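2 protein chains.
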Amino acid sequence: MSKPTPLSGFPEFLPSQRIVEQEVIDRLRTVFELHGFAGIETRAAEPMAELLRKGEIDKEVYVVRRLHAEPGSAADDVSGDSGSRDTLGLHYDLTVPFARYVLENSGKLDFPFRRYQIQKAWRGERPQEGRFREFTQADIDIVGAGELAFHYDVEVATVMVTALSRLTELQIPPMRLQVNNRKLLEGFYLGLGANDPHAVMRVVDKLDKVPADVIARMLQTDAGLDADQAATCLALAAISSPDAGFVARVRALGVEHDLLETGLAELTAVMTALAELDAPNVTVTADLRIARGLDYYTGTVFETQMSGFEHLGSICSGGRYDALADDGRNVYPGVGISLGVSRILVPLLTRGRLEASRSVPSAVLVAVVSDETRDVSEAVARALRTRGIATEVAPAASRYGKQIRFAQRRGIPFVWFPPAATDSSDDAAAPGEHQVRDIRSGDQVAADVGSWAPPDADLRPTVTAHP
Amino acid sequence: MSKPTPLSGFPEFLPSQRIVEQEVIDRLRTVFELHGFAGIETRAAEPMAELLRKGEIDKEVYVVRRLHAEPGSAADDVSGDSGSRDTLGLHYDLTVPFARYVLENSGKLDFPFRRYQIQKAWRGERPQEGRFREFTQADIDIVGAGELAFHYDVEVATVMVTALSRLTELQIPPMRLQVNNRKLLEGFYLGLGANDPHAVMRVVDKLDKVPADVIARMLQTDAGLDADQAATCLALAAISSPDAGFVARVRALGVEHDLLETGLAELTAVMTALAELDAPNVTVTADLRIARGLDYYTGTVFETQMSGFEHLGSICSGGRYDALADDGRNVYPGVGISLGVSRILVPLLTRGRLEASRSVPSAVLVAVVSDETRDVSEAVARALRTRGIATEVAPAASRYGKQIRFAQRRGIPFVWFPPAATDSSDDAAAPGEHQVRDIRSGDQVAADVGSWAPPDADLRPTVTAHP
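Taken in sequence, the protein lines are chains B and Y. Note that the working numbering numbers the first sequence so that position 124 is 143, with each residue one more than the last. Note that the working numbering numbers the second sequence so that position 440 is 459, with each residue one more than the last.
None of these hints come from the bench; they were simulated from the model. One should not assume that every hint holds.
Stretches of chain B that chain Y covers, calculated by requiring three or more beta carbons in the stretch to come under 8 angstroms of a beta carbon on chain Y [to be verified]: (1) 33-47; (2) 330-342; (3) 378-385.
Note that the coordinates shown come from a computational prediction; the quantities given were computed from them, not determined experimentally. Idealized CB from N, CA, C, for every residue including glycine.
Using the sequences provided together with the hints, build the complete structure.
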């Protein structure tokens, strides 16, 4: 067969790149679990009716169909016939399947239910940097049955900022989390006299792509404001502060509304809590321009930019929604944030900005003295593994120079030499004793199988950055 | 929306069940990495031409198609149109994508390349116990470029037996690994005078489902043997031994062939190495009946039964193949084993045979004394988390009895009481000091936020069995 070529939009990693991704996922998992979030996975496929329910048809859903299914057969409940009520599609995010999971298992879950979910999702959109057809997301959400206290907004933000901070320790670029509150916006627009605050929000949300003077005109033509009201909305959107300083600047605009007060108090609470966190390399700002396009957000909203990679768009977004799901008996409000693992890592890894110190887990390669004494080398490896030291044995009793190069190519830092059974022309090992060589420095010392260990920094592959 | 119902063949776990699955996957990963296997993931979708290349059309491949793709459009390279050369399907195992990955990246991988891969796969087959439409597999393979020494057969078997043994420590039922060697079988049949040893193998492979006397007749009608030869083949298939004892029993059948000798030596080497392993609860037998249906195996072959669940079929299978892939310049021989994580876990978890000690990672719930002092409880939680103790804070300052029940429902073993700010009618906490209660025993002691830790056994959820 001819050499296969990569599939556009379906990024894959080499082993050393996967080590970086695995380390990122491990760190996220550790932070989420330390905060009591339960990990779940949901199936990759959902009924198409569910996937399209929220009018998200522009998400370019992938339909799945059994190769041997009778087209349109009603007998096959997962036939993949896109005309059928029971057709399946691959999930395009982790929120829709989570909402379905909560409803399906509502009697078996304890609320408030906090879960994390790190899984792939699929979208048939045109591939471009930071946008893929297959990608990994890491979501956290806290969901209540009937009600969910506001302090969970603060908690979800705190957990994700902590997680982002742990990622920047890996030399992932600094992050800027932007926070806003939809109640603040809606209350402000209502206090200003807007008849349709959501129309105002939809226009202001375009500030990223459309010049301010055009927005000002659109606020008049599309959202029914007069010129003064439009200017005041733009003044609100221009407010950005690293702390609770935004409150005074909002009040200076002279608009009053109960919902605005609630929004100001909520955003202040989030900003105050985040300021207390020890999270270097993660900047938090209250940005009154942030609205999030999606209609289901009802309070706190988040977006995140990665420094130097702002063109990727937000790499971590979410917010408060009053109704994640509704089963007729209960409404399930929630708050959550979704981190784009692939959106962060694919650009960094393909540019060589991040690299693992080796392509294998092994800290030690045990050399083979002669093919007849391979079992001696295997016994050394077994002994090291019982003490948690990842170890492999050289493929064959070739010249030590060749065995050392085997380790070098993979970045394995240590080569272990069992005692030479007989005199050898190689002088790497003294007969009669085990020796271990740090092949980076060339230092070689006698070592005991039962007690030697590599320095902690060499036990597992590490991640290094190349700015 | 109405309550959703599960999708047949797409098993999902509740949070406490997922804890068991995650523990299984963590243990597998630990063993694989200790042996130097690099973890990779491949994309979920492969070109249909690749998936169907080996005539595996009976695997019921799921075709994926963009909802908005023009049917048959050649312009869309991943249109999902099943008539197109570039149509995609979901992978039905991890071997086909791995072979493609090796070819695609052959210039960037170091051979012999050892990898593990723990991922989902999809097959549109009829769901039944142990067979699913979406399932998780854990594969290990070692692949060479051009050649691969036999000792890797021994190594792959050793690693998987070690991994299985670590699973049985979780009270997963005992396992029986059955080993055979295709060279032994082929050499034996050739030495016996069979013209078509593969035809003999295919008939003998049916011994699971077809009575021996019928097999004896089929060997004559379908594989061209005479009655004596057929009887000798059945005598070979009846040989099973827990050690190298099979060699003498094979020799007693009086058949000679060079390939038989090679097979006997290889199987002896595998059996001898596995006998030396400290792997309680994993029995290893040389079973000369095992052939594995797939034609691509060329040497060592493995199957595994789980005690009490033999009706599931083999839960862990694999073997040696001389050509995993071939790019015209190199042939890539390999040896690998695939473990059915879902096949093992779904039956055990749905029957309640295995259970996690709690449904959340949290070891501690910090009670909230009053809604105004929630920050005191949050500070306790932060301090515990910095020392690796998974902690959550109670939802509200309700009565302590209610807060304790919140922990009980989730199986959280400890409740932490911050000092009561004022006199309280609840007597759980003495004013002025932090206390922590083991809610299983009711024991409550004063505790210091900076030094208290739960017993190691309570730090993380544990897995218990209910036979």
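Name the hints, by number, that the structure is in violation of. Checked against the structure, the only hint that fails is number 2, while the rest are satisfied.
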